[in-house]
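J.: The listed protein sequences correspond, in order, to chains A, B and C.
Counting in our numbering, the first sequence runs from 238 upward without gaps.
Counting in our numbering, the second sequence runs from 396 upward without gaps.
Counting in our numbering, the third sequence runs from 9 upward without gaps.
Worth double-checking, as some hints may not be accurate.
Stretch by stretch, here's where chain B covers chain C in the computed footprint (C-beta under 8 Å, at least three residues) [said to hold, decoys possible]:
| no. | region |
| --- | --- |
| 1 | 378-386 |
| 2 | 448-458 |
If you anchor each label on the Cβ, the simulated ranges turn out as follows [said to hold, decoys possible]:
| no. | chain 1 | residue 1 | chain 2 | residue 2 | range |
| --- | --- | --- | --- | --- | --- |
| 3 | A | Ile463 | C | Ile457 | 52 to 60 Å |
| 4 | A | Glu402 | B | Ile427 | 52 to 60 Å |
| 5 | A | Trp436 | C | Leu298 | 30 to 38 Å |
| 6 | A | Ile463 | C | Gln418 | 25 to 33 Å |
Don't read these hints as lab results, they were simulated from the structure.
Glycine included, C-beta positions come from ideal geometry on N, C-alpha and C.
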Amino acid sequence: MLFIPGANPKQIMFAATMGADSVIFDLEDSVSPLEKDSARILVRNILSTLDFSAIEIIVRVNSLNSPYWQADLDEIVPLKPAIIMTPKSETPDDIKTFAAYIEQVEEKHGIEKGSVKIMPLIETALGIENAFLIGKSSERVVALFLGAEDYSADLQCKRTKEGNEIDYARKRIVNAARACGVEVYDTPFTDAHDDEGIWADAAYAKSLGFTGKSSISPRHVDAINISFSPSQAEIDYAYEVIAAIAEGKAKGQGVVALKGKMIDAPVVLRAERTIAAAEQLGLGRK
Amino acid sequence: MNKIIKMAQVGNVDQNADCVIVIEPSENGNEILLESLVKAQYGDAIIASAQDELKKYDITNAKLTITDRGAIDCVLRARLEAVIKRGMGV
Amino acid sequence: MATKVVSNLKEAIELAKVTDGMSISFHHHLRNGDHVLNMVMDELAAMGVKNLTVNASAVFDVHAPLIDHIKNGVVTKLCVNYMSKGIGTHICKGIMDTPVEFRSHGQRPADIENGRTPIDVAFIAAPTSDTMGNCTGKMGKSRFGSIGYAMADAMNAKTVIVITDNLVEYPLTCASITEDYVDYVVAVDEIGDPNGIMSGTTAQTRDPVRLRMAQTAVKCIEASGLLKDGMSFQTGAGGATMAAAMYLKDVMLEKGVVGSYIVGGISTASVDLQKAGCFRALQDVQSFDLGAAADLLENPNHIEVSGRRYSSSIGKSSCMNNLDVAMLGATEIDVDFNVNVHTDSNGIIMGGSGGHTDIAEICNMAVVIAPLFRNRLPIVLDHVTTVSTKGENIDVLITESGIAVNPRRQDLKEKFIAAGLNVKDIHELKAMAEKICGVPQPAPKGDKIVGEVFGHWGEHVDYIYSVPDKE
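Let the sequences and hints guide you as you build the complete structure.
T.: As structure tokens, this is what we get:
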């Protein structure tokens, strides 16, 4: 997931070619208050004219406490972006407010109700505590997203490259998202110019259970993609698991073991997910 | 008929692939001044888009000064729409 | 002790007996910081010399006074390998009766040597020289590194004048051009402005589109099968091509591949690759920055090569003969893969082939890196404004939106597809750009020939035409 500032024509135009699966077009923090009007028109025009079919389109609108969020949704929802990212999501009511307005715009433009999803950006202490409730607040919510810059400010501590200050939030948001059955994405790495640090940060996020990670730098997209892709060993093992299960079933065995280890339901589920991810990345077996 | 009531500007100065547009009220109907890196290749197309956007908003008293650094049409039109709305005081 | 030092430039010119109709030469290692060409031309103009041919390996905006010398009849013919836009704009107004001759870096020394463009007097700016004319670009306050493009001038001109701002005691032990070729030495305050010497097209890019294309380029090298021990590599000065060097380093280290050499314009990025053990040697005809210049002085595996040895067809071989992969730029490319690096889309001269033509002609895989469109102008056209390098010599075009392979290189195309790269037909790339930008109207073209482009073998490639004044 790559953040692209909504006031920069060149970056928006080339967003689909940066290698990210999803692009977050930002109307919020990267756009000055004086350019909110022009940025939303710019994003709307470019997204509706150029071919972005290769990526998942996410638009970060302005927050509920700003005077801009409704106008943002008026312009953006008719384009049928995959997801609206709602900043400063703190309570289930916040999401319900966004969802209700999105529904109005959908209706007005004859878009099937519920087609535009929501990804709450959780970036305050209260939001983290409410993460599970936020995840459950609307059928539209498909993923939770951790925003560490505002969050660490809210904690009144310094944002560091090591990220100890966001460790609780990371673990809590992953747990909440999984409890709700939605995906969960990690905050951008702090230093856009550190091409080494991103690898460790992405690997750590993956180890905690995040589905993926975002970036504000196109240079970090490959590191994130590679870090979150299943390794060849993981893919091979997943196929072995599925083959063993199929063989066990054919033989009528109740319990199946692979290399002396019992394969239980979670192992199978993990294998299926690995294969699905591998196939999506073109790494699967035909 | 809509009116341009004030001067307004939009676009990133000195950024390639963008354009800066200034709008102001005009007494002689619509006037369009164009400076562009790609005037030879796209000058006519840029003027046509500007006239089209003015027509869309039913504007007949705009003086547009476009300084284009190679904006593609959908960017140009986004800038036109934004500056027209600002000039109308919307 | 004998000395060739004369009291000033005027005296050197008088001793060299520069007269009407002669051909004089300059190198461009001081780039846009050069003072020497202007210094010499002003002196010649003051002496009333007319009808000169100026053969300079390149001219930059700093050389704008040349325009007046042309208008006043002091200069009536130019031979260059590159011309920046500030000068090109004037040339395209048709101020010269004789078209400017554009050569490649390899063909310039060949034509000087074979007598097609003989040189009467060569003026060689040298950051350090001793009193007998042993000189180098590797040290001194105006140091620029390799002096490769001046070597043909020194060896073939009837008279050679070295101009330096760092005169040292005889003998200079690390001379690049040696006393046996030099007639006179002149000491001046400043041969150049260090800021201008290292400016230009050599800064490391942060532009994400360029970085993306650079990454793709490295994937293409991997897929081509050329990424193996002994690989040789050429980079130019463009942002994307220099970024490619950076990504190449990562891949080579990861795979433990040790290449043979990097050749051409050498930058700090190239030096890093060599220091990291990715390549055994650097063959340096032009040092792009001070890091490269410093390394040339210290590093025995970083060698200075002449333009002739670099890429000329006149020698028995050149650095091109073993070249595997080259990364090149383009302002335009057409559906037949012809590349333009001479003129912009309005037809105004703003560059030149430099090594482009030589490299593409000989190397195994010549890759052009360019975005699908730049400032609304599609990169792929039906016909380029000026043919600089012929399409038959270009193998691959990399854009951020897809890779086009010359139909002559079916082998590469198959390898790229097998590697999962985003291969498209060049017509498809053209259509994609036109869908976004609209179809460009052709820019108006004048009818006077203002330039002629020659190829790697000295053959005629194309003409450059005047540009009509804007209404």
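J.: For each hint, tell me whether it holds in the structure or not.
T.: So, going through the hints one by one against the coordinates:
Only when three residues or more bring their CB closer than 8 Å to a CB of chain B does the claim for the region 378-386 of chain C stand; here the count is 5, and the claim holds. Check on the region 448-458 of chain C: 5 of its residues sit with their Cβ under 8 Å from a Cβ of chain B, so the three-residue criterion for coverage holds. Ile463 (chain A) and Ile457 (chain C) have their C-beta atoms about 54 Å apart, which keeps the hinted 52 to 60 Å range intact. Take Glu402 (chain A) and Ile427 (chain B): their Cβ atoms lie about 54 Å apart, and the range 52 to 60 Å holds.
Separated by about 32 Å at the C-beta atoms, Trp436 (chain A) and Leu298 (chain C) satisfy the suggested range of 30 to 38 Å. Distance hint for Ile463 (chain A) and Gln418 (chain C): a CB-CB separation of about 31 Å, consistent with the stated range 25 to 33 Å.
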